[in-house]
Structure formats: C-alpha cells, structure tokens
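For the sequence shown, the numbering used here gives the first residue as 226, with consecutive numbering after it.
Wrong hints could be hidden among the right ones.
To be verified - In silico lysine to aspartate or glutamate, EDC-like type, Cα no more than 20 Å apart, as pairs:
| hint | residue 1 | residue 2 |
| --- | --- | --- |
| 1 | K376 | E399 |
| 2 | K258 | E272 |
| 3 | K338 | D370 |
| 4 | K321 | E310 |
| 5 | K343 | E310 |
| 6 | K321 | E350 |
Stated by the list, open to error - Ranges between beta-carbon positions, derived for each pair:
| hint | residue 1 | residue 2 | range |
| --- | --- | --- | --- |
| 7 | S246 | R381 | 44 to 52 Å |
| 8 | R226 | R388 | 53 to 61 Å |
| 9 | I248 | E350 | 49 to 57 Å |
| 10 | S260 | I293 | 21 to 29 Å |
Calculated from the structure, these hints are not laboratory results. Note that beta-carbon positions come from the ideal geometry of N, C-alpha and C, so glycine has one too.
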Amino acid sequence: RAEISLDLQNNKLSRILAYASGIFIRYGFKNGKMSFLLNRPQPMPEESCLSPVDHQMALLSRLGIRNIDKSLELWLEDGDRERAEDFLRANWLNRKQPLVGINIGASSRWGTKRWPLKKVAELIERLGAYNIRCFVTGAAADRQDAARILKTCGNRPINAVGRTNIGLLTALIERAGLF
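Construct the complete structure from the given sequences, taking the supplied hints into account.
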C-alpha cells in the first residue's frame with residue numbers, strides 16, 4: 226500500500242482518490258480544489274505562468290527533490306526507423322524533401338486546445354509553397370478531421386492519423402525537421 230501521495234494533477238479527483246485509498250501522507254498545492262483532503266498542503270508557486278512540468282517540479286522541490294533532467298526521451302526499437310521510411314516512401318516523400326509533422330488531435334475533451342482545421346490546411350498549403358511536405362497525426366477518432374484537411378489541401382499531406390503506434394510515431398517525429 227502506498228504511504229505517500231504527490232498530487233501532480235492538482236484536481237479534485239486525484240485528491241479524492243488519494244484520500245479514499247487511505248494514503249497517510251498526501252502532498253499537493255493548496256489551490257482550493259478539495260485541498261482540505263491534503264494533510265501536507267503546499268502554498269502555490271509565486272510564479273503564476275509555469276509550464277506543467279515546472280509546476281510539478283515546484284512541488285517536488287518542496288520535498289527536497291531537485292536538479293532533475295526535464296528532457297523527454299523516447300527510445301526506438303529495432304525497425305522503427307525503417308518502418309517510418311517505408312511509410313514515407315509509400316506516401317511519395319522524396320528523401321531530400323523537408324518534412325513537418327502536425328498533430329491535429331490535441332484534446333477531445335478540451336476543444337479550445339485544438340487548432341481550427343481550416344488553419345491547419347492553410348499552414349500545410351503555405352509550407353507546400355516552399356516544397357515542404359507535411360504529415361498529420363492524431364488518434365483514430367481524428368480520422369474525419371484528417372479527411373476534411375486532405376480534401377481541402379491541394380498540397381497533399383501524408384495522413385498518419387490513426388495509423389501509427391508509439392514506435393512509428395516517434396520515428397516519424399525524429400525524421401521531421403519540425404513537429
């Protein structure tokens with residue numbers, strides 16, 4: 226059984242779960258979201274515009290955890306790069322052509338985080354004017370949106386929406402000049 230909870234989500238559900246699980250020591254920021262369920266509430270950071278990672282690091286630093294490398298690294302398995310090159314070749318990408326990836330499926334629950342499809346299509350067209358090829362990514366649930374983008378673009382982006390696993394997606398991102 227867990228003895229310590231670090232609430233990095235800072236929401237009501239995570240606090241209820243930690244409390245109901247019987248975790249004895251519960252750390253989190255005192256932000257008014259059921260903070261009374263924390264028995265080690267911490268004052269909110271003074272900086273109000275922290276990135277999510279920096280916000281979480283602020284809580285960890287209060288516990289003496291510092292100097293953590295915040296870089297994200299994903300490892301590719303044997304064959305991931307080859308599968309990405311095969312995928313791109315099958316979609317008529319010239320090996321020397323610059324490649325940009327665009328994720329169209331930011332959050333199904335938070336529409337304001339999604340860029341309008343019309344804007345995505347405009348960006349793809351503008352990049353195409355400079356001979357830059359784009360690929361679009363997203364979950365299977367984003368396939369209809371991808372179809373709308375493909376329909377409006379004269380400069381055919383590569384459709385990877387719902388067609389990748391984590392290895393292929395990582396290899397495609399690595400291959401792209403910008404994602």
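Problem - Satisfaction of hint between E310 and K321, Cα-Cα up to 20 Å - result: Between K321 and E310 the Cα gap is close to 12 Å, so the pair holds against 20 Å.
Handout entry: Pairwise hint evaluation, D370 against K338, where the allowed Cα distance is 20 Å at most
Key = Since the Cα atoms of K338 and D370 sit roughly 15 Å apart, the hinted pair holds (cutoff 20 Å).
Exercise for the section: Sort out whether E272 lies within 20 Å of K258, counting only the CA atoms. Expected result: holds, 19 Å
Exercise for the section: For the pair supplied as a hint, K376 and E399, confirm whether the alpha-carbon distance does not exceed 20 Å. Expected result: Status violated; Cα separation ~27 Å.
Practice task
For S260 and I293, compare the CB-CB distance with the range 21 to 29 Å and indicate the outcome.
Solution key: holds, 25 Å
Problem - Given pair status - E310, K343, alpha carbons within 20 Å - result: violated, 28 Å
Practice task
Verify the proposed pairing of K321 with E350, using a straight-line Cα cut of 20 Å.
Solution key: holds, 19 Å
Practice task
Using the Cβ atoms, figure out if R226 sits within 53 to 61 Å of R388.
Solution key: 41 Å Cβ-Cβ, so the 53 to 61 Å window is violated.
Exercise for the section: Take a look at whether the Cβ-Cβ distance between I248 and E350 falls inside 49 to 57 Å. Expected result: holds, 52 Å
Handout entry: Hint check for R381 and S246 - Cβ pair distance inside 44 to 52 Å
Key = holds, 51 Å
Hint check: violations occur at hints 1, 5 and 8; the rest are consistent with the structure.
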